[in-house]
Amino acid sequence: MEKEELKLKITELNTTATFDETGEWLNVTVDAKDWLPFAHQLRNDPVLVFNYLFCVTCIDWKTQLTMVYHLSSTHDRSNTVVIKINLDRNNPEIESVSSIWKTAEFHEREVYEMFGVKFLNHPDLRLLILPDGWEGKNPMLKDFDDPVNMIRL
Amino acid sequence: MFIVKYIKNVFSAIKSLLVGMRRTGYYFTHHKEIITQQYPDNRETLVLPERFKGEVVMPHNENNEHRCTGCTACELACPNGTIKVITKFDITPEGKKKKAIDKLVYHLELCTLCNLCVIACPSDAIVMAQTFEHSVFDRNKLTKVLNNPDSKIMDGVE
Amino acid sequence: MVEEIGTNTDGDLLINVGPQHPATHGVLHLVITLNGETIKKVEPHLGYIHRSIEKMCESLTYRQFIYVTSRMDYLSAHINNHACALCVEKGMQIEVPARAQVIRVIMDELTRIASHELWWGAMAMDIGAFTPFFHAFRERESINDIMEETCGARLTMNYMVPGGVMADLHPDFQKKVKAFISFYKTKIDEADELLTGNIIFQNRMKGVGILTKEDAISYGCTGPTARGSGVRCDIRKIYPYEIYNTLEFDEVIETGCDSLSRYLVRLKEIKQSLRIVEQLIDNIPEGDFQAKTKAVLKLPKGEFYSRVETARGELGVYIVSEGGTTPYRIKFRSPGFSNLSALDKMARGSKLGDLVAMMGTLDLVIPDIDR
Amino acid sequence: MWSLSGITNWVDQWLNATFNPTLTLIIEMVIVGVCVISLFAVLGLVLVIMERKVSAWMQIRLGPNRVGPKGMLQSFADTLKLLVKEGFTPNGADKFLFNLAPYLAIIVAMLLMAPIAFAKDFHMWNLNIGVLYVSAVSSISVISILMAGWASNNKYSLMGAMRSGAQIVSYELSAGLAILTIVVLTGSLNLNDIIQSQANGWWIFKGHIPAIIAFVIFIIAVTAETNRAPFDLAEAESELTAGFHTEYSGMKFALFFLAEYVNVFIVCAIGATLFLGGWMPFHIGNWQSFNHVMDFIPSSIWFMGKTFFLIFLIMWFRWTFPRLRIDQLLNLEWKYLLPISMFNILLVTAVAILGWHF
Chain L
1 MEKEELKLKI TELNTTATFD ETGEWLNVTV DAKDWLPFAH QLRNDPVLVF
51 NYLFCVTCID WKTQLTMVYH LSSTHDRSNT VVIKINLDRN NPEIESVSSI
101 WKTAEFHERE VYEMFGVKFL NHPDLRLLIL PDGWEGKNPM LKDFDDPVNM
151 IRL
Chain E
1 MFIVKYIKNV FSAIKSLLVG MRRTGYYFTH HKEIITQQYP DNRETLVLPE
51 RFKGEVVMPH NENNEHRCTG CTACELACPN GTIKVITKFD ITPEGKKKKA
101 IDKLVYHLEL CTLCNLCVIA CPSDAIVMAQ TFEHSVFDRN KLTKVLNNPD
151 SKIMDGVE
Chain D
1 MVEEIGTNTD GDLLINVGPQ HPATHGVLHL VITLNGETIK KVEPHLGYIH
51 RSIEKMCESL TYRQFIYVTS RMDYLSAHIN NHACALCVEK GMQIEVPARA
101 QVIRVIMDEL TRIASHELWW GAMAMDIGAF TPFFHAFRER ESINDIMEET
151 CGARLTMNYM VPGGVMADLH PDFQKKVKAF ISFYKTKIDE ADELLTGNII
201 FQNRMKGVGI LTKEDAISYG CTGPTARGSG VRCDIRKIYP YEIYNTLEFD
251 EVIETGCDSL SRYLVRLKEI KQSLRIVEQL IDNIPEGDFQ AKTKAVLKLP
301 KGEFYSRVET ARGELGVYIV SEGGTTPYRI KFRSPGFSNL SALDKMARGS
351 KLGDLVAMMG TLDLVIPDID R
Chain S
1 MWSLSGITNW VDQWLNATFN PTLTLIIEMV IVGVCVISLF AVLGLVLVIM
51 ERKVSAWMQI RLGPNRVGPK GMLQSFADTL KLLVKEGFTP NGADKFLFNL
101 APYLAIIVAM LLMAPIAFAK DFHMWNLNIG VLYVSAVSSI SVISILMAGW
151 ASNNKYSLMG AMRSGAQIVS YELSAGLAIL TIVVLTGSLN LNDIIQSQAN
201 GWWIFKGHIP AIIAFVIFII AVTAETNRAP FDLAEAESEL TAGFHTEYSG
251 MKFALFFLAE YVNVFIVCAI GATLFLGGWM PFHIGNWQSF NHVMDFIPSS
301 IWFMGKTFFL IFLIMWFRWT FPRLRIDQLL NLEWKYLLPI SMFNILLVTA
351 VAILGWHF
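Protein chains in written order, with our numbering: chain L, 1 to 153; chain E, 1 to 158; chain D, 1 to 371; chain S, 1 to 358.
Some hints could be false.
[Said to hold, decoys possible] Straight-line C-alpha distance at most 25 Å; calculated DSS-like pairs for lysine-lysine:
id	chain 1	residue 1	chain 2	residue 2
1	D	176	D	187
2	S	335	D	351
3	E	84	D	55
[Said to hold, decoys possible] Simulated restraints on C-beta separations:
id	chain 1	residue 1	chain 2	residue 2	range
4	D	31	L	17	34 to 42 Å
5	E	133	D	255	46 to 54 Å
6	S	31	E	2	28 to 36 Å
7	S	91	E	148	54 to 62 Å
8	L	44	D	52	31 to 39 Å
9	E	4	D	255	27 to 35 Å
10	D	349	L	17	39 to 47 Å
11	E	50	D	52	56 to 64 Å
12	E	39	L	21	40 to 48 Å
13	E	50	S	86	44 to 52 Å
14	E	2	S	173	17 to 25 Å
15	E	129	S	99	51 to 59 Å
16	D	186	E	41	26 to 34 Å
[What the hints assert, rightly or not] If you only want the chain E side, here are some residues facing chain D, beta carbon under 7 Å, derived:
id	residue
17	13
18	16
19	19
20	20
21	24
22	32
23	35
24	49
25	52
26	97
27	100
28	114
Hint data in this document are derived by calculation from the structure and do not stem from the laboratory. Bear in mind the structure is a predicted one, so any value in this text is a computation, not a measurement. The beta carbon of each residue, even a glycine, is placed where N, CA and C say it ideally should be.
One chain only, chain L, in its complex shape (with noise of 0.2 Å):
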């Protein structure tokens, strides 16, 4: 599906999204208040059916962060659309999408530890790479500084 057709049917689903066409891949922007029922009908709209979640992950801005979610299709691969949701900084929340999309589940948990995301009705939102009893800052976070690091000794 080209870029246009996607906005199009994307527009119908959503109406507050905004678009940015510059990458690869069309590039939306919604709030994260939307985000749950969005989800679900980007998975079920009978058109668009996407099915795979193939990346998710989270940027650090510094003012703000960036959850990104790359979705696609198995029927029809070359619809793919790159989610994008800012969350606040300071106490960044988010609906967890682990019930449509199960790899989420997974991914998920990484953001949590590492950008410190809470992800809203996770099934098990709990630290699944870092040591038991982590404390202190999100390691990924830009502002966090690694005590030991070994290229800077």
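Chain L is already provided as a structure; the job is to place chains E, D and S on it using the hints.
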């Protein structure tokens, strides 16, 4: 028929096992297929390819001269901070100050042998050596100075 | 006297498999809830070998960060490097010379064969057959020798640079690869004789570790894991990169959804990779092995995503650039991480022995999962 | 001609002439005990090096080749290493049972040596129910494994022990039925009588189909009974790290290790006795000169040759096949081996009653 199928199953199962046993039996009796290399014994005959990345060395010629100008290109190219170039100022015969290396410190323990420094070097002063037996009992021995003591830069290398 | 064996409130046995365990091939830690021999729940605990490569890459330049990615999935180090090089090339809009593209693809496929060979041996060891492990290493060593000669290293080759490859092929390369292919063809039936046809093996693999097509997609499984469930997901076919669209090879798909299908997909992929190498080895075009690039690479502001098919599945490299010499944020979408998340779904209800077989067929490489 | 029985007779006569009968008996028992223990040590050393060499050659490796000529003294080095290692007892373990288990395993293996005829007229105990004794005593070995698994206070060990319990108890049935086939054919439980009955041909070469089926079943069942791959579920290295002996180290581990190998030797010796004619030389019908040459080979060599052939077979299995799963293992026994051996024993009984055997 159930009983025929049962017996067939048993025989095909035994046959599949025998096929595997034939293969291992073949290797049991064919000792020339053995691929073991007796490493410390074959050290003399062991040939490493000339591109093998073992460690970074700085070749010197017979007059104890190297090609390093101390430009720190390797230091900048290194992803791990493996190389530290310590420079000094030599006084040339004409009385000018000229930058030269005092020490090129190489931390083998940090090196990932990625070859980026060798590529970055504009005067081909450092190369990869084909050594690989790096283990020592003292970690400090892995920090090496690549230029020989009292070595000079080769003529004509800028 | 003996203390009470640790159980949870339902009276189930909790077992820690790993971080040091013969079947996890690394430092994977699984907490398994067992009812007798039957698995009720598998809970992976990761991070024992997490080096935060993503964070590390934020302080490295675009030339330097490629070498770090060899350490993610060390069995297909070359393909990891390829993904990174592709992403930088996409951002810089570097045209890679034809010779470099062919060299890259040959190396990728050789790496894939080596990786699958090791997987075959390790997986056989998981289910209790020790001999195939050593037989697999024989073939793998031959590939490693070829790699060593051209790239200068056996495992973490670091042969890719943005714009091409680091050095030209070794003069003996073609001869050695051809010799390897003809040698390998005499040994390729061994896998069938020793394992695939074996009745014990068949019974161990058939019908266990069921991962349906829907689940495979939902869990984001890729590579042979998903292709064993009938998902068409070979990046080389659906988003061809380099010269893959000009090559003749089949995407191997099995629809059994069980461990045996995943096993067969990998075995057949070896043959397809051999086919690709055979097509290319006599047709390496002359020319440069590296494009002319600037000394300092600066990606324009923006986001770049590239993906390749590693031996384990889809590896995505997501670079967010602010226009500097280092990435602002880099994310590696590693195949193992998603594949591992499906393990719980697959393992529930099967026996402890099957868990080991399933982990074998997922082909887990722990540094790839932890990054 | 020189024979082992000649030596034993001479020793017996000399002792009887020198001491009173009670003392003679005690001295003879001590000699036998020393012989068995040294046989254990020798068997352990030989079988370990054999296993390592067999596995190496099947895996296109050289195998041990450093200690002694061609690595033949490797097992001595292994033994030395195990002897000087610390015998570690885990904190939560039941100390008494934990330390008892390896000795129980080795004692069972020792007891099993008693009725075996190593050569013509050379055995410790000419027991008239030898076959029954062997099947009865060998079932004790499961207790040592259960004991080790339970006392270790380790979940892996416990699971290994439980698996092994289920496995050994099941496979004892078909092993027993396979042995019974030969007992029916010979009509005697005495191992020496069974050997004598094979003077004109070994049971598997006599053309009795039930005997051949019984031989195949016997080999499978004893492989399982001795916990050897592909039935090594009690150890299952890739699943349970080392199963019931996970927590054992040093000499206690070595005793388990030794017991396993000695058990393999014993079951192979029983197999050789029952199906391959024990120490009986290989004879072919009316080839008088060939048979005469065969008779010249000492009977002990015949026995050892046959036993080691069976041991090699079991090692060959181990280094070729993948491991079974626990439910498949029990399926194999209860759905395949047991019905087949039941049918087999019916068949052989019919053959024996109708007098079709020879």
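query: Any CB of chain D closer than 7 Å to the CB of residue 100 of chain E?
result: It is violated, given that the least Cβ distance between residue 100 of chain E and chain D is near 23 Å, above 7 Å.
- request: Please verify that hint: residue 49 of chain E, Cβ, nearest Cβ of chain D, below 7 Å or not.
  value: Constraint on residue 49 of chain E satisfied, holds at 4 Å.
field: Status of the residue 19 of chain E interface restraint (C-beta, 7 Å, chain D)
entry: Cβ of residue 19 of chain E sits 5 Å from chain D, so the hint holds.
field: Proposed interface contact between residue 97 of chain E and chain D, which counts if any beta carbon pair is under 7 Å
entry: With Cβ-Cβ at 27 Å, over 7 Å, it is violated.
message: Given a hint of 40 to 48 Å, does the C-beta separation of residue 39 of chain E and residue 21 of chain L actually sit inside it?
response: violated, 59 Å
- request: Return holds or violated for the Cβ distance of residue 91 of chain S and residue 148 of chain E against the range 54 to 62 Å.
  value: holds, 57 Å
message: Can you tell me whether the CB distance of residue 186 of chain D to residue 41 of chain E sits inside 26 to 34 Å?
response: holds, 29 Å
- request: Using the beta carbons of residue 50 of chain E and residue 86 of chain S, state whether their distance is inside 44 to 52 Å or not.
  value: holds, 48 Å
message: Quick check on a hinted range of 46 to 54 Å for residue 133 of chain E and residue 255 of chain D, using CB atoms only.
response: Check passed, 51 Å falls within 46 to 54 Å.
- request: Could you check the hint for me, namely that residue 2 of chain E and residue 173 of chain S are 17 to 25 Å apart, CB to CB?
  value: holds, 23 Å
- request: Using 7 Å as the Cβ threshold, decide whether residue 13 of chain E counts as touching chain D.
  value: holds, 4 Å
field: chain D contact restraint on residue 32 of chain E - CB to CB distance below 7 Å
entry: Because about 13 Å separates residue 32 of chain E from the closest Cβ in chain D, which is outside the 7 Å limit, the hint is violated.
Against the hints set out earlier in the document, violations occur for numbers 6, 11, 12, 22, 26 and 27.
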